[in-house]
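K.L.:
Sequence:
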Amino acid sequence: MVDHLDYDFVKLEKKWQERWEKNKVFVAVDDSKKPKFYVLEMFPYPSGTGLHMGHAWNYTIGDIIARFKRMRGFNVLHPMGYDSLGLPAENAAIKAGEHPADYNSKSIPNFTRQMKEIGLSYDWSRTFSTEDSKYYKWDQWIFLQMLDRGLAYRKKAPVNWCSK
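Residue numbers for the sequence shown follow the numbering used here, beginning at 133 and rising by one.
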């Protein structure tokens, strides 16, 4: 019988995480003949010092689904991104007395490190942040498409806003 107190979990986890990364186990291949499956959880706001139990709960559920589908023979795309333009991220930067871009440049790598340490099965080659122009240019493009089709328009309406 193995005594769990003598078991080096950190060493074992590190070994397997390095093997997964080296072998690109969680990278979705574009030309795969396998059926495709997409898993996406809500992107975290990089607004704190790191992950909390709510993050672990949410991302573990998506991870279980992604792993199950991989085991069933699917080509699973499971990306991760960061909602760095959301109010929680902006407010955290203001509270810290930093520019949001500077705050995010420190916070996002910390979140990523923690998610990797947990062993979540994301395709890390597809990670992005909503503050990246390669991402938000598509928000701008779709808005212009809606505007051209009359689906977006100006109208007087009450607006909630902050005077800060």
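The set of hints was computed from the structure by calculation and includes no laboratory data.
Treat the hints with care, since some could be wrong.
What the hints assert, rightly or not - Below 30 Å or equal to it, Euclidean Cα-Cα: the simulated DSS-like pairs (lysine-lysine) are: (1) Lys156 / Lys227; (2) Lys248 / Lys168; (3) Lys227 / Lys296; (4) Lys143 / Lys168; (5) Lys154 / Lys201; (6) Lys201 / Lys248; (7) Lys166 / Lys156; (8) Lys146 / Lys248; (9) Lys248 / Lys227; (10) Lys165 / Lys154; (11) Lys147 / Lys238; (12) Lys248 / Lys143; (13) Lys266 / Lys227; (14) Lys168 / Lys201; (15) Lys154 / Lys166; (16) Lys154 / Lys168; (17) Lys165 / Lys266; (18) Lys168 / Lys296; (19) Lys156 / Lys168; (20) Lys168 / Lys147; (21) Lys238 / Lys146; (22) Lys269 / Lys238; (23) Lys154 / Lys227; (24) Lys238 / Lys165.
Said to hold, decoys possible - Label pairs and their in silico Cβ distance ranges: (25) Leu283 / Asn155: 30 to 38 Å; (26) Ser257 / Tyr285: 34 to 42 Å; (27) Gly180 / Ser265: 22 to 30 Å; (28) Leu219 / Leu283: 37 to 45 Å; (29) Met278 / His231: 29 to 37 Å; (30) Asp138 / Gly251: 27 to 35 Å.
All C-beta atoms, glycine included, are put in the ideal place defined by N, C-alpha and C.
K.L.:
Honestly, which of those hints from before does the structure not fit?
P.N.:
Structure breaks hints 1, 4, 18, 23, 24, 25, 28, 30.
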